[in-house]
Amino acid sequence: MKTLTQELWMEVPQRRAIVSIHDEVERLVAASGVREGLALVNAMHITASVFINDDEPGLHRDYDRWLEELAPFDPSPQRYQHNRTGEDNADAHHKRQIMGREVVVGITEGRLHLGPWERIFYYEFDGCRRKRVLVKILGE
Amino acid sequence: MKTLTQELWMEVPQRRAIVSIHDEVERLVAASGVREGLALVNAMHITASVFINDDEPGLHRDYDRWLEELAPFDPSPQRYQHNRTGEDNADAHHKRQIMGREVVVGITEGRLHLGPWERIFYYEFDGCRRKRVLVKILGE
Amino acid sequence: MKTLTQELWMEVPQRRAIVSIHDEVERLVAASGVREGLALVNAMHITASVFINDDEPGLHRDYDRWLEELAPFDPSPQRYQHNRTGEDNADAHHKRQIMGREVVVGITEGRLHLGPWERIFYYEFDGCRRKRVLVKILGE
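Residue numbers (my numbering), protein chains in the order written: chain A, 7 to 146; chain B, 7 to 146; chain C, 7 to 146.
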């Protein structure tokens, strides 16, 4: 069995933003030498997501508006008890549950086994700080 | 390590529908010869989901109504910027994030290791076209 | 390849509650002897979730209020067709889709490879009965 483990450092200068990590994950799969296996890609922080969807800026703006409807930013401790701790990011912990923590992608013949429009993204919900994404590749 | 890789072709004649792929995944696990391992089952298209829940038609209708409340179908470019691209399926990209892209299921003693009511389904949110599901089985 | 398979029995005396299973999963990873691999942790029942987020009671209360807004408990068969079957737990099948069925966690140098605040929880949405969580560990 071969494995490759890599932490990617993210530093997003906005509070919320979608950042492609697709090429970096592809590069790591190639570097791993794994021909048949699985790639786990997950946010290591609980106010961020890793997800797979379309690389289309209009859709990314739609997601942002939609998540803000489902779980609005509100730093006050009235809406979210979590913000009684002095944090202002309770909304981010909710948005991340909708978009998910991780993706698991098959590796076939040495490449990510993806459909035509699948692209891997990092979604930052509470940025302006350094965070990590884990890429763990396993197979042979 | 043994692996099995299979793409399942789906062609759902409705815009939205839930289709069981449970028996097919079970069959592939048996065919793989894997006794201990993992099965990844994921939609390869970004307007569809693979999920595990109850095989109960009333619940499936409930999901459909609920997802339509959370992210209504609206082909106009007013609600969803994604539809400015000429697409009309922005709602489908949202619904799929709620229901998820993939499931990972344990394989124990040569069988899917599931609870009593767990069944694997494909959820089409933008049908009337051919799409694929990936089944990737890995273990020994 | 090494594997470890363990079912954890849960019996939550409330209808809904969040229970940490983090220490138990850590213990199983140590017991498995796996140094490099993956851990799958999933609810085996379709009215419960396994998720990773913050160990903060205020946030857990926020999740509960939020999920009740998104998919309210309503035993009547009017809101949810699923409850025509005699069940009263249709809301639980919806809440679980938001919070997710499973997590997949990397194992590096014999330990769960997690960020500083990541903790693994079981979320019961229809308690007062015995249910199971599957921990499946695979690697070498």
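Everything labelled a hint here was simulated from the structure, so no lab data went into it. Please note that the accuracy of each hint is not assured.
Since copy identity is lost for identical chains, a pair holds within one copy or between any two.
In silico lysine to any residue, SDA-like type, Cα no more than 20 Å apart, as pairs [unchecked claim]:
| hint | residue 1 | residue 2 |
| --- | --- | --- |
| 1 | K8 | E30 |
| 2 | K8 | N89 |
| 3 | K8 | T91 |
| 4 | K8 | E115 |
| 5 | K8 | G133 |
| 6 | K8 | G64 |
| 7 | K8 | R125 |
| 8 | K8 | E32 |
| 9 | K8 | P78 |
| 10 | K8 | L118 |
| 11 | K8 | R33 |
| 12 | K8 | V25 |
Task: In rising order, the numbers of the hints this structure does not comply with - done: Failing hints, ascending: 2, 3, 5, 6, 7, 9, 12.
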